[in-house]
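Colleague: The task is to assemble the complex, starting from two chains supplied on their own in separate frames and drawing on the hints.
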Amino acid sequence: MFGGNTKKVKIDADLFDRVRKVADVAGYATTEEFIVHVLEKEMLHFEDAGSDDDIRERLKGLGYIS
Amino acid sequence: MLKALKKMFAADRGEAIVVVSGLPRSGTSMMMRMLEAGGVAILSDGEREADVDNPKGYYELERIKNLEKETDKSYLQEGRGKAVKAISFLIKDLPDDNDYKVIFMRRDLDEVLASQQKMIDRLDQGDTEAEKEAMREAFRNDIVRTRLLCKGRDNTDLIEVHYKATVEDPAATASTVNRFLGGHLDEAKMREAVEASLYRNRAS
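Going line by line, the protein sequences match chains S and X. Under the working numbering, think of the first position of the first sequence as 18, with each following residue one higher. Under the working numbering, think of the first position of the second sequence as -12, with each following residue one higher.
Zero decoy hints are in this set.
Only some residues are given here: those of chain X computed to face chain S with a beta carbon under 7 Å:
| hint | residue |
| --- | --- |
| 1 | 76 |
| 2 | 121 |
| 3 | 129 |
| 4 | 132 |
Simulated from the structure, these hints should not be mistaken for laboratory data. Glycine included, each C-beta is placed from N, C-alpha and C at the ideal position.
Bound-form chain X, shown alone (with noise of 0.2 Å):
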């Protein structure tokens, strides 16, 4: 309620940025995909090409991947009204003269664990059992910070999304982040992105 009153006083920041989250290999790609086919514009600049791990592309910009050290953050309000994808560990460095509906994406710790370390043994980088423990707890405490955060900012909006249920479900999810952003998404083909093939990552 409060959140909703600050809202309606702030200063026009024009439409929100969609802001796509999570941890890597969360589903981020997948809900950029599922946006884009839905009518949503995507700001992006194509430089991370396709590969094995993300056949279907990385829907990045490659600029917020400096969002912590740079300054001068004005290049996104370029993403008012679109879609933009950002890690949860950038979330902190999102500047406040724009208004931000986030679709967090979340899926099982382990499955993303198992998804990255792929990704590590590809670039030849495998951890130790000691450091995936870590890794797991530095995650863990990443996903509660980033909905901490986005509580406590009045110009953030928050829907947490599954990865699995949106691949059992894409229906359902398109639904729901149709609602979250308005209801004037194409909810079918929403759905239709979604592909289940890349299911690929689960841990067993």
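One chain only, chain S, in its complex shape (with noise of 0.2 Å):
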């Protein structure tokens, strides 16, 4: 699945047993393709500051942007 350069991450064997789990149940192709799509996703909320409408509106309710 992976199209270019790879790199190894160790994770807990546990914790991959149950991310395992839950990529089985929630239909991915494999567990690999299930971790790389949630930390992509979770990469968004550290790249992607437009993203963050919650913060954006408590700023604006406390009157620190407009």
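Modeller: What follows is the structure, encoded as structure tokens:
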């Protein structure tokens, strides 16, 4: 599934089992596909501030942004 | 190292703008008071008046609140060599044509949220538990995002200052901040500017 370079990451075996079970139930082709999907989704929180409407609304309410 | 080299070859942009940043209620106004006392000129319009949440004043520049939407940000050049307050959410919108020295205020997230909650309650906009948890997560992300952003920008240096540590040992913070800004500030006056009595929103 990975077209380019890949890196290995070690994760706790018990956590991996839990992840694998969820990936199966959720219908992902592989556990790796599920992990990549989750990580990419989480990375957006850190890389794309514009998507954070919760913060924007809070800051407007408190008078810190217009 | 690479950052320093790039700065050497950058166009002359004058003195850096000192940006006091952090989440709302993380001690940014306290740091502004310290800087002012220490001899740093402040870029502020005084439009937002002191109130029960910030009895010594907000030290804000009203226009910067619109930084996310505004296209002409040249007014910020007036802040070169001065200190301006900008919450962490707005760091991403600082224009590239200035250098920045960011003093990033950190405070226990529970204390930040408790302090914000008091403001919200006064505004009659109480949060549900789910909303509180969502905000905790959103602010945690905001902190990480800001740190990543500052580290990745050639024109930005960042120092983190902890609110509690500053209240407990203002002399140490005054010394650290003074070193970060070049060593020309009056540390004794910075120290005196910290009023421990303001440390009232501590979450129990």
